[in-house]
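*Asks:* The residues making up each chain are set out below.
Number of protein chains: 6
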Amino acid sequence: MVYLTRREHFNGAHRLYNSKWTDEQNAATFGKCANKNWHGHNFELFVTVKGEPDANTGFVINAHDLSRILKTEVLEKLDHKNFNLDVPELEGVLPSIENIIMLIWKWIAPHLKTCQLHCIKLVETENIYVEYYGT
Amino acid sequence: MVYLTRREHFNGAHRLYNSKWTDEQNAATFGKCANKNWHGHNFELFVTVKGEPDANTGFVINAHDLSRILKTEVLEKLDHKNFNLDVPELEGVLPSIENIIMLIWKWIAPHLKTCQLHCIKLVETENIYVEYYGT
Amino acid sequence: MVYLTRREHFNGAHRLYNSKWTDEQNAATFGKCANKNWHGHNFELFVTVKGEPDANTGFVINAHDLSRILKTEVLEKLDHKNFNLDVPELEGVLPSIENIIMLIWKWIAPHLKTCQLHCIKLVETENIYVEYYGT
Amino acid sequence: MVYLTRREHFNGAHRLYNSKWTDEQNAATFGKCANKNWHGHNFELFVTVKGEPDANTGFVINAHDLSRILKTEVLEKLDHKNFNLDVPELEGVLPSIENIIMLIWKWIAPHLKTCQLHCIKLVETENIYVEYYGT
Amino acid sequence: MVYLTRREHFNGAHRLYNSKWTDEQNAATFGKCANKNWHGHNFELFVTVKGEPDANTGFVINAHDLSRILKTEVLEKLDHKNFNLDVPELEGVLPSIENIIMLIWKWIAPHLKTCQLHCIKLVETENIYVEYYGT
Amino acid sequence: MVYLTRREHFNGAHRLYNSKWTDEQNAATFGKCANKNWHGHNFELFVTVKGEPDANTGFVINAHDLSRILKTEVLEKLDHKNFNLDVPELEGVLPSIENIIMLIWKWIAPHLKTCQLHCIKLVETENIYVEYYGT
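Chains as they are written, first to last, in the numbering used here: chain A, -5 to 129; chain B, -5 to 129; chain C, -5 to 129; chain D, -5 to 129; chain E, -5 to 129; chain F, -5 to 129.
These aren't lab readings, by the way, just hints derived from the structure by calculation.
It is possible that part of the hints are untrue.
Below are the BS3-like pairs computed for lysine-lysine, each with C-alpha atoms no more than 25 Å apart in a straight line [stated by the list, open to error]:
1. B:107 <-> B:26
2. A:26 <-> A:65
3. A:44 <-> D:115
4. F:100 <-> C:71
Pairwise CB distance ranges (calculated) [stated by the list, open to error]:
5. D:66 <-> A:128: 47 to 53 Å
6. D:96 <-> F:25: 21 to 27 Å
7. E:46 <-> A:121: 34 to 40 Å
Beta carbons are placed, not taken as given, at the ideal position from N, Cα and C, and that holds for glycine.
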């Protein structure tokens, strides 16, 4: 069993704001991340799959095929988007990287046939990232 | 003469859109960067000053003082902001990194007394950055 | 279950030297790291916690709260310190990154209430790092 | 149990080409990686071992000893080599990073006596890497 | 005048070998880089242009246009190639990064109309890079 | 004229403290950097030389020769040293990176015969570095 990881990146805007709370509560919890006119990040996405290398190709998965899946299933939906406004699946959900990474898992998993999705890592800044293993 | 560089970072949202143009012209020129609901970046700012090291401190400038100037004069105005909506000096100006870096120079230069501002570098993604020397 | 990682950094000086050994034995084992007048590093600390994202915040833990814990419990004790001389818990202990990381775990773990400490990673140089999972 | 990781790097040339296939099949699967005159990479190798820190040294393993093993057992065989032509163990095997990492494991594992080989990571480009845990 | 830099990357194989010299002389000068079956690198290319930001776009140059020029004029010729065998302009020339960077300048310069080519940087490993300003 | 840069790294300990000042003055100026038991860094050194590529080698300078000079003239004197105690040329001098970089220039310049020393860059942390051009 070998684990292969492919990196992609996308840019997006978001705002962390709980509409059930007052502005003061939001500022106390989310600080500058609650600013009303949005802010954004360069997100780095690392997707790790596992499987046996194929005898004919030496590949767990062809990295170009994996990249194509990520571009179609993730980047088309998130790149240069506003996560609060442009992503139907995030309606009513706080667009924290924790919630985004679980959504990315749902988008990718059904498209991997010959190998198994193992881990997703989503980097928001050089100081903060999240990882998700599907459960 | 020694050159000292201090790095800071900030996050912001922007949209590249020329209001004198049609949506089609904007899309043709700016691509996804024209998306109406904004996108954003992790910006890295490198500020380089030059001068003679002081005999008592060994410093061209105390890097903590330089950092304080950058936090007050730049990060207060740009961090977690929308560059199209929240920055008065950018009203009517396309918030490209080229235009932002010239504005940052104007903000910082008056506050450097004991050394000279030499260069600013502003990194938008791992693939694109700009530099400005004041003229 | 989502894993969130926060990075911090600190600088310190240390010396690898076993006082029960001769200088020759120390030099043979520790090389330049045994030099008597200390040397130092820029340490990078990655702390990973795991938990369910909170419904109100979308957070496993508020990264600012985690950062505050790390600053109070770790950086206050290690940043700009000499690990052989300034850290009571390391008295009589070789301040290798292996021993330091186990100490950092003890310092942090009691302060995490709403999520679970999963892994600590301590980077000494671009070529060497250690990880610890608490057992 | 502490995990220690040592990084090394090497450069090599290879070509992904299945000799049982036509050139067209190879091009369709491997793209530019099938080009007949080779291409190459800067490979980064991360080797992680696990064990109890030694009471006399504070080390899971002396990182210099680990580095010496990696230089003798891996870099001597792969650095500045052509993986299709210069590595007997890869004869008849597609020199994908998946197949190379399993070979590196076989080369290293017998030489670790006082600690246990846990994971190898092999980075081919900033966008692709593989990991192997020995099974 | 603002300076804009765009990064691209490509992989290639080469061999440093002076055919007028004996194998011993080549080994003494080029070491492992003279190995007969080639080795390779992940090359990073940074291209810096300078100019006045355009009033309508805020751009010195549209970074996507610059990227297109680099893909057509440089990557098409060097990516996944053998610099000794596949690049007509390098016939009879030692494919050192010094000689390659001067060739890249010649390829790019004629295609920049609205701004001026200022500097090219070519990174061969994390420890070695060259820069060229056109003269 | 091509510019070639070679990176090396070294670790050291230092303390920023002006012995003509009170402890309070030192703390006010140097903060934690004045701590009496030293602290340290992973220093990265980038040395840039310029010259015409040699017709026989394609090199401005053989990077291995440059590395040898840097190891002998700089790393032997600074690596794993205490800059306040172990470096005779820094006696009575504040070991700031500004003062260290000017000293490194003096050490290297006489050893470059076939090309010209252009710039030295010394990186102290990911947020601070200095550059020196010899005057």
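*Asks:* Does each hint fit the structure? Answer for all of them.
*Replies:* Status of each hint after checking the structure:
Pair hint residue 107 of chain B plus residue 26 of chain B does not hold up; C-alpha atoms about 42 Å apart against a cutoff of 25 Å. Pair hint residue 26 of chain A plus residue 65 of chain A does not hold up; C-alpha atoms about 30 Å apart against a cutoff of 25 Å. As the CA atoms of residue 44 of chain A and residue 115 of chain D are separated by approximately 13 Å, the hinted pair is consistent with the 25 Å bound. Note on residue 100 of chain F and residue 71 of chain C: the hinted pairing is violated, with a Cα-Cα distance of about 38 Å set against a maximum of 25 Å.
The hinted window of 47 to 53 Å between residue 66 of chain D and residue 128 of chain A is violated, with their beta carbons roughly 40 Å apart. The hinted window of 21 to 27 Å between residue 96 of chain D and residue 25 of chain F is violated, with their beta carbons roughly 50 Å apart. The hint said 34 to 40 Å for the Cβ distance between residue 46 of chain E and residue 121 of chain A, and at roughly 36 Å that hint holds.
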